[in-house]
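S.K.: Chain by chain, the residues:
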Amino acid sequence: MRILLLEDDKHLGPWVAGGLREEGHVVDHFEDGKDALMAAMGQEFDLLILDRMVPGLDGLSVLKSLRASKNTSPALFLTALGEVDARVEGFDAGGDDYLTKPFAFAELSARVNALGRRRDSSDSAEPASTVLRFADLTLDMLSRSCIRQEQEIDLMAKEFKLLEYFMRRPGRLVTRTMLLEQVWDMSFDPTTSVVETHISRLRSKIDKPFKEALIRTRRGEGYVFGK
Amino acid sequence: MSLANRVTKRLGWLRRSSTLRLSLLLSVIFAVGMAITIFVALEVGEDAIEQSVDETLQALAGATALEDVEGDSPAMILRSLDDLDGLPQPFRRAVDRNGGTVDLDRNFQRSETWRVLVTDDSNGDPILIAVPVEDSDRAQELLAGVLWTTAALVIAVTLAIGFGTGLLAQRRLVRINDTLHRLGTGDLCARTGLKRSKDDLDDIAHELDRTASELERLVAQARHLSGSIAHDLRTPLARLRARLEDLPEGEERGAALEEATRMTGVFDTIMRVARIEAAQGNDGFEPVALGQFVDELAETFGPVVEDAGKTLTLDTDVASTVMADRQMLVQAAANLIQNALVHGGKDIALFAHGSAFGVADNGAGVPSEQYDEVIKPMVRLDAARSSEGTGLGLALVRAVADRHGAKLILAQNDPDQNLKGLRVTLNFA
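Protein sequences, first through last, are from chains G and R.
Here the numbering used here is used: the first residue of the first sequence is 199, the next is one more, and so on.
Here the numbering used here is used: the first residue of the second sequence is 1080, the next is one more, and so on.
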């Protein structure tokens, strides 16, 4: 994807740009709002990543100007303001997603890919598959069944949703924040070990009885499903 | 709305108008005062007239010898006490009580009312002397009429002025009342907008506008401040996180990332309490069915409670639907459950009754005199701050309750069964 990144922080900017390039994206990095606006007016980007508070012109104004000139590139706000008010403002300005600082790179990457997919799927509406398979594990979304090595595994509703989320992102880092938002619809950390508990229960059903574990913990970062 | 309803509503203020009430009260006091005055004046006046008539009669009698008089004239009756023939009965009764006023059913000679005196004539013989007093009565009536009319006019004018000033004040009072109501519901832009300065009501309106401006400025300042703090702290936290992620994988890196996450968590909670407290209006409110809401909570938190070796029970009956910010309610409930996990006993109950929900436990509880204390931010009952958590748990719950205009009730859990634990209820009624 061709990505425009507007981030003035001397350390974060290069870090994000570098990480995204490593994942194979083409990144144009700007530290000034006006420069970013000029660039986005001149050429089309697949995704805009905009910091809210930057010199020149803030990210919100950049996007408002772009939307006013019929630019429809998906936009993701990076915000240090955080929380609902700033998010609502971001969405009102035409933003598609937001990410509050500090964030794990894996989370930014997941959102970048999700926004990229959304853009692709609006072109070619391919239905999401109803049967997910990974190694010897099969998850059938229609019959709501889970089978590993021909053994039927009984999952609770949340465990099912959790496993589906993992299986749609094999090999990728999944953070607690991503799980809380996507599986539990919580835009905050409930301080209680909700994620850990449910994952531990899921593991006891799909991993413990078998030789090879599918869900691995990456300490301080999150979880990875599969290799 | 029917016409009658609209009129009733329009005139509803009349019942509550203090100026109109005051003028009504003054009118009543004035009317009573006038009535007493008129009554006394007429009584005294009548006595005075009677006395002067009696004096005239006395003088007349003293200057007359009965034997020289040739009977009654239309303007005077003069008789010996032995010769009362032809006089109506009331005259005889008047003689018995030594004179007085005689009221007849119909005219005797030319008058219905006579003033009678029993006295001696110039020869010292006892006589009855009487004159008609109709003329003086008419004067009394005239006086009474004038007094009553004046009183009625004054009362009517007082009421009209009361109604008028009430009407004039009403518009401003409604503006002041509306402004206060809007401020109370979080609309800090509300102003009375009254510019003139003629009376105390205008002064109140100005003072209200000034206070509202100050309030708005302070809230805006607090928001700006929390925004600045957020920015100034989140950016370095993001940089720290980025540097940690760049480190080679291993135990140390993981532990450092966990610490960074915890730090962010505490910061987020502080900011969240500040934000909820500064929030206004009811943007983002949606109908939340409390029964279903606690069911979902149990599904999410039940396993957590079980894994901590405790039991979570659900207690719901006819729970209603309330307008609320769902995410905030989940936050409040999560904090209550976390509190119960850390400080409560083995049994934790999630309940929803009517328009209230909450969490109860059977732990050591909190002494009731400390209820007010524990809902303040950063308060922990163990002074050493050794237990887990930020000390913001109940403060956040209180902020959520305030945001919804709900009551936060802390109580002893089931005093009947002698369970000491804490029962925290958010009541939306």
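No lab work stands behind these hints: they were computed from the structure.
In this text, a Cβ means the ideal position worked out from N, Cα and C, and glycines have one as well.
Keep in mind that the hints are not guaranteed to be accurate.
As the list claims (entries may be wrong) - Straight-line C-alpha distance at most 25 Å; calculated PhoX-like pairs for lysine-lysine:
#	chain 1	residue 1	chain 2	residue 2
1	R	K1274	R	K1389
2	G	K406	R	K1455
3	G	K359	G	K262
4	R	K1499	R	K1389
5	G	K356	R	K1389
6	R	K1499	R	K1455
7	G	K409	G	K359
8	G	K403	R	K1389
9	G	K208	G	K268
To be verified - A few chain G residues that face chain R, going by a derived Cβ cut-off under 10 Å, partial list only:
#	residue
10	V329
11	D352
12	S385
13	R417
S.K.: Could you check the structure against the hints above and give me the numbers of any it violates, in ascending order?
M.R.: 1, 2, 3, 9, 10 and 11
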